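Colleague: So the sequence lines, in the order shown, correspond to chains A and B.
Numbers 30 to 665, taken from my numbering, label the letters of the first sequence in order.
Numbers 14 to 332, taken from my numbering, label the letters of the second sequence in order.
Hints are computed from structural coordinates only; laboratory data are not their basis.
Keep in mind that a hint or two might mislead.
[What the hints assert, rightly or not] In the DSSO-like style, the derived pairs of lysine-lysine whose C-alpha atoms are separated by at most 30 Å in a straight line are: (1) A/185 to A/664; (2) A/485 to A/391; (3) B/67 to A/279; (4) A/411 to A/614; (5) B/197 to A/250; (6) B/197 to A/664.
Just so you know, these numbers come straight off a predicted model, no measurement behind them.
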Amino acid sequence: MSDWTVAELAEQFKAGRLSRRQFIARMFAAGLTLPVIASVLAACGSSNSGNNKAKTNTGGAATQPAAAGSATAAGSAAAGAAASAFNPTKRGGGGTLKLLWWQGPTLPNPHINNGTKDFDASRIFYEPLAEFDVDGNLVPVLAAEIPTVDNGGLAKDGTSVTWKLKPGVTWHDGQPFTADDVAFTFQYVNDPATAAGTAGQYVTVQSVDAVDPQTVKVTFKSPVPFWQTAFVGANGMIIPKHIFGPYIGKESRNAPNNLKPLGTGPYKYVDFRPGDSLEAEINPNYHVANRPFFDHVSLKGGGDAPSAARAVLQTGDYDYAWNIQVAYDELQGYQKGGTGAIVIFPGSSAESMYFNFTDPNKEVGGEVSSLQTKHPFFTDVKVRQAFNLMFDRKTVVDQLYGKEGQIVNYLVYNPSKYLPATQTQLAFDPTKAGQMLDDAGWKKGSDGIRANNGVKMKIVFATSVNSLRQNEQAIIKKTLESQGIQVELKSVDANIFFGDASNPDNLAQMHFDLGMWTNGTAIDPQNYLRAFVSQTHGQANDNISQKSNNWLGTNVTRYLNPAFDQIWQQAATELDPIKRADLFKKMNQMIADDAPKLPLAGRNGVSVAKGNLQGMDLQPWASSDLYRLAYWYRKS
Amino acid sequence: MTQFVARRVLIAIPTLIAISLILFAILHFAPGDPFGQLALNPDIPPEVRLNLRKQLGIDDPLPLQYTRWVTQVAQGNWGYSFVSRVGVTTLIRQRLPTTLFIVGMSYLIAIPLAILIGVISAVKQYSWLDNVATTFAFLGISLPSFFTGLVFILIFSIWLRWLPFIYSTHLPGTGLTYLWELFKHAIMPIMVLALLEMASLTRFVRGAMLDVIGQDYVRTARAKGLTELRVIVKHAFRNALIPLVTILALDLPAIITGALITEQIFRVPGMGSLLINSLEAKDTPVVMFIVFTYAILVVIFTLIADILYGILDPRIKYA
Chain A
30 MSDWTVAELA EQFKAGRLSR RQFIARMFAA GLTLPVIASV LAACGSSNSG
80 NNKAKTNTGG AATQPAAAGS ATAAGSAAAG AAASAFNPTK RGGGGTLKLL
130 WWQGPTLPNP HINNGTKDFD ASRIFYEPLA EFDVDGNLVP VLAAEIPTVD
180 NGGLAKDGTS VTWKLKPGVT WHDGQPFTAD DVAFTFQYVN DPATAAGTAG
230 QYVTVQSVDA VDPQTVKVTF KSPVPFWQTA FVGANGMIIP KHIFGPYIGK
280 ESRNAPNNLK PLGTGPYKYV DFRPGDSLEA EINPNYHVAN RPFFDHVSLK
330 GGGDAPSAAR AVLQTGDYDY AWNIQVAYDE LQGYQKGGTG AIVIFPGSSA
380 ESMYFNFTDP NKEVGGEVSS LQTKHPFFTD VKVRQAFNLM FDRKTVVDQL
430 YGKEGQIVNY LVYNPSKYLP ATQTQLAFDP TKAGQMLDDA GWKKGSDGIR
480 ANNGVKMKIV FATSVNSLRQ NEQAIIKKTL ESQGIQVELK SVDANIFFGD
530 ASNPDNLAQM HFDLGMWTNG TAIDPQNYLR AFVSQTHGQA NDNISQKSNN
580 WLGTNVTRYL NPAFDQIWQQ AATELDPIKR ADLFKKMNQM IADDAPKLPL
630 AGRNGVSVAK GNLQGMDLQP WASSDLYRLA YWYRKS
Chain B
14 MTQFVARRVL IAIPTLIAIS LILFAILHFA PGDPFGQLAL NPDIPPEVRL
64 NLRKQLGIDD PLPLQYTRWV TQVAQGNWGY SFVSRVGVTT LIRQRLPTTL
114 FIVGMSYLIA IPLAILIGVI SAVKQYSWLD NVATTFAFLG ISLPSFFTGL
164 VFILIFSIWL RWLPFIYSTH LPGTGLTYLW ELFKHAIMPI MVLALLEMAS
214 LTRFVRGAML DVIGQDYVRT ARAKGLTELR VIVKHAFRNA LIPLVTILAL
264 DLPAIITGAL ITEQIFRVPG MGSLLINSLE AKDTPVVMFI VFTYAILVVI
314 FTLIADILYG ILDPRIKYA
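Just chain B, with the same shape it has in the complex (with noise of 0.2 Å):
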């Protein structure tokens, strides 16, 4: 196991340094301009813009800029914002909490209750139940989340005014009060992230509840005269959580890199609307933090679900 995981990393390192490369190339080559908003205003001569970038090494050549980012990456320095001239580290720190809070509650709520009904479809397939669950989830899959996202604003703060559609870091009052601002102000991002991954993962457990309840040791449970909550918990979910899993696994890293479009709705100020903003200016030091941070999670998060295979089903053995 441990020479399997060990392995592992040693794979990753060169994999992570290709993604870098092509990553920091690929920011390179695409149009943007940190400085964009100045190239408009006739107070600002072109010496001055010129001198910003000289300043920043923004129009270094390509090899340079990379060997300068590397160099200071492997000392754990992530660079300057373009835009902000301040640390990443500073600027990340300050969006974290905010991107783990709402996409990290929208999973809370989406995994179980997508586990829950997309079990009881695969058990009832074709009752009035699954019938629903497999409308819902179809709206859900097809309806991008800015749509969403907009349907929600139009209801609930346009029309009934009960909720606002512009987050707010700053919230007033301590105790309840706080907290229930916190959820008015929350709520519809939470809301909007959840029903996305709620309606393909209900699909993903449902097919994989499928696969399985078909098969013969389910059938031998139930021969066994064991309970049917117990055939359907013990035999027939625990291999339906292989594939499971691995759709976890890559879905997961967003709780960190945070969600780009329903957080450009709602204002929320995390990750993914650092990112966009980010791209827009073509800040490239955070950019590459964001990306590169997501490429790190995802092998991370990869390897987490190739042990968890292990655990769950006994036939797998990593030597």
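Looking at chain A on its own, in the form it has when it is part of the complex (with noise of 0.2 Å):
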């Protein structure tokens, strides 16, 4: 349990609302010990240092990893002890919060969007059952409680979970928010004509029932080890089905209110306009007590980072900017003699190195690294650790990344919990390199180039258009050809790069040796690993990035090995969360030993705030930045 909850129980408590036994009992339910409900308890009778201590002892940001931590000074671990210290006794009085997303949402349908920027949008006004806190614990938003075996809520077997809905929730027009609601958004999600861009958290979803306007029963078509994925989170915003019901499958886009959302949420809708703004204002009616601070949302979208970063830190024209992927030494300097603060968050993703495992200057069939070719080098296991040796991750997060990277030496990091007991740490050695190159039968020829056979160490280094990342290939590219390997680079347009999947020049088809990209796991690592994994649907090699299936594999590398497939499959049906966790362990070992894909840096969530905005509680597994909108306040 976070401290928010405890947070928010201790105002319901103080305000009356809830009797000292009644607290007591939900504290406990929540997995507090009696000490810290004690300390919970006086801190309500007299100061807010209690609460602060309740939020040592149930953690939080502070436990994150320490080059996080350390760029905090006005960032997320003093945002998330003040959260606590702020209990305001009545509703609204905050005035405007304006906040600047330098890509304009379009289109605010939590379900039917097109990225983060429309989450941000929709989670102004929609809510899911639930949210994941920091250390990955499921937190109730529309639920009342947390589905556990022991409340009964969750089955067993493992086949069905059943929600408890808060009590006296309405929508922003004043209609009761029910279980038929949560049924209609599965229903509305689940049809394939709809389009929904969130149906991937619904697949495992047999069927969502009412068992009665408060309960709702979701069945599993098999047991599900990670159940927490509909209706929780980003996915998981429940849509009205008064307001929504005529409007599924192929009607979907027309209706009105994709433009003019209707949720439960702490604001309501004033005024959208796709790709440049929106407004909104508070609700009176918001299920939470005294929540929310601020009168008016006004979120204004465009431009581009830098730009959005000065119109915080320097100028203070807006209170938050988010996503801030400006080189650190350069927010610093924007910085200077204004009151704004760069607020670092830990992330979960890591900027990685490719290995391509076909051959990229071949063509059979038409097809360029096509699973038929070999790659000539990078097949073995000792050149991609001679290579790994050359990454200069120190030089790449210190000069680079500054306080917004951090040195990582497993793709899943974060959750630490998937870290293996003892860890190996990547070095960097390109003596070493080389020796093992030698070994390996790539010895220098008399042009300094190293070749085997008559084929020469020769790579074609790519990533996307990027100041930082042409900056990263250089220094790459310096050691590794100081190890006598020729390396050209490649640098695409990001809307080509990560696009349209059919262009030649798009990651997925891998037309060249080495690729460098940043991607990172959802709070669950399953679909994560995903990647390495040759098959998931029954035919052989399916999940290649491959022409076969229009390059939508996930598996870009052409990895192939057969142990790691097993696990995979063992970890997407283990209910034993112990058992499973240390699958996800060993596969993320394997990856270390056998290095199909490598990280270079792990990066961090970086966005830039007023300095006297307070209670964002950034982290990695919300569903937005803005999940907790309705607890932002700011410091007198």
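Two independent chains are provided; combine them into the complex using the hints.
Modeller: Structure follows, in structure tokens:
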């Protein structure tokens, strides 16, 4: 249980809406020990120091990796602590909150949208049943409590989960929020004609039934180990049946409320202009007492990240700007003399190096990097490990990312519970790498380039156009060339590199030997680790990105390892969380040893905010930067 | 005259069809993906992405997509944005007023000033005023709008802190407060565009005036004893207007289609920024609407220019 639910309960208790007995019972149910509860109770009676104690006891941002913790003088750790220090006695009164998103939201419908910016816009108005906190625990939002085996919510055999809904919640138009709305949301998402981007999180669900107006039962097709996908977080926002009912399937795009969001959230729709701006006003009937603090929320979209950072840090025209991918020293420059804060919080993604296991220089049946071919040297694990020793991670992090990055040894480094007990440290040792290549048969020729059996060791090293990435390329190229490897750099426009997979320059087609880009895991690494699996749908190699599946397979390195496949399949059905965590640790270590893909730098989340803006509690498992919008406040 | 207009309109129809076909084909073969953002998310399985593309008909063959588009447009339906999943016309209705205001205002400032300065520069050739105007005109032509825009932001927003550099369509207050806020938000983009337009236009007016000012009929007008003002305005300037009309006819459609770069710098939610964002996202229906509208406007304005030639110059007759 995170500190913010403690704070919430404490507030209700203080306001007299919970009796002392109810309060203790809830805290106990949430897994808090008696001494902690006592300290919270004491705090409710006197000052708020006890709340802070509750925070230390329950963990929080402060327990995250040191690189993130140290940068948060005014950042997430401080904000996290302050969340419990602010206990308003009335709703509103905070004026206008001005948000700046350098990509403007285009569609604030939580299920048929186009990515982060739209999830963020949706989250202002809509809410899921529950959200993850920084430690990966579920925290109820529209649910009354989190289903567990003990409270009867979670079926022991993993085939169903029953949610109790929070009573007294209404939609913005005054209609009651009921189990029918939850069941309808599933219908809506599950209809292929709706073309919902969130559908992937519901593929395991067989049916969703309203047991009674306050209870909803989710039945799965087969036992699922990770059931916290449906109705949780970004993919789980509930939409009202009485509004979207007629607009399901093909009709979904005709719904007037696609652009006029109507949910249960802390703010109500005022105006929306796709790609430009969004205006919202306080929901006077919000289901959390005395929240939110701000009376209006105004979100402006468009432009670029550096100028967004300036508008917050330098001119102070805006209160908060998101996803600021700007070099750290540049940000510090903007910050000088201003009142803004750079907010850094731990992430789960890593800038990574991808080895191509097939030959990008051969064409088979009109397909480059075809599975029929073998890469002349990257199929040899000794060569991959030698390359691993030539990636200067320390220079990349120190000089390019600053506090926005950290050195990580594993691809799945957060949640840290999936890190193996004894961890391999990644080293930088070009001389040793040279020896390893010599031993593997790749000796330097008269031209200084390594070769073996007449094949020269030359590679094409590709990434997207991005000044930071081109600097990374330069650092890596220098080391590789010092060891007799010929490197040709390639940079592709981001829209093409990451966009439509049928474009030859798309990353999925791997028209290069070595690739570099960022991705990261969600709280459950199952889907992320799919990228190393060859077969997921019953046909041999169907998950390998190739022509026959329009390069939509998620295994882009063309890595084939039956042992890995087997463990991954096992994890997909293992119901015991401890055994399953062991499987993830095993896979994490297998990737580190076999090195089909390696982390270059772990990437933290970066936002900028006015110094007095508090309560954001930013963390990687949240549905959005705005998941705690109801609890944001301005320190006077 | 009527016959002339009718003939021109008839010629325009195949031209527009050809333009639409070429545009559609270019867009089809251009790289990009409306759902690119979803590609890197490991929680979105390929089936979901494939289904999205299927539902919106993105992967259909080019002839099929084009026929569908033409049939829709013939019925007055411009289709749905892939990205916002609302009607294209709804999107346009939100964007058009802002562009009309910003680009329109910049033209209202630029055109009269450019004519005034251009005429004076020509009449008083090589005077200090002409030299100053020439210097500024060359500066204005050679500095791209993204540069002047950034310089303005640096001076007025970052150093002086006078003006906000992020344009907002939701301004506080009513009456005079509102107007003052609007002025503060709009003045920088308007001035960047006005300077750019003024610079080239001044040079055109000056050049056109210099061409006619030495003509015999101007000397005749002076010889008749007309006042200098009358000579310049009625005799010289009227004839200098003809090349000016051509230039303006090609420039004016931008009032509708927006200023691509300037809108992007100041985050002005106009047609230009919509076009850029739609191009990046390969949002074909929206791009087609804007670019095709531009084509229609160019055709219409060239026609208007042709008609104006006839009015300005009695020697030109249409039959």
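Colleague: Now look at each hint and say whether the structure bears it out.
Modeller: Okay, the hints, checked on the actual structure:
1. A/185 to A/664: 46 Å, violated
2. A/485 to A/391: 15 Å, holds
3. B/67 to A/279: 12 Å, holds
4. A/411 to A/614: 22 Å, holds
5. B/197 to A/250: 59 Å, violated
6. B/197 to A/664: 29 Å, holds
Violated hints, listed in ascending order, are 1, 5; each of the other numbered hints is respected by the structure.
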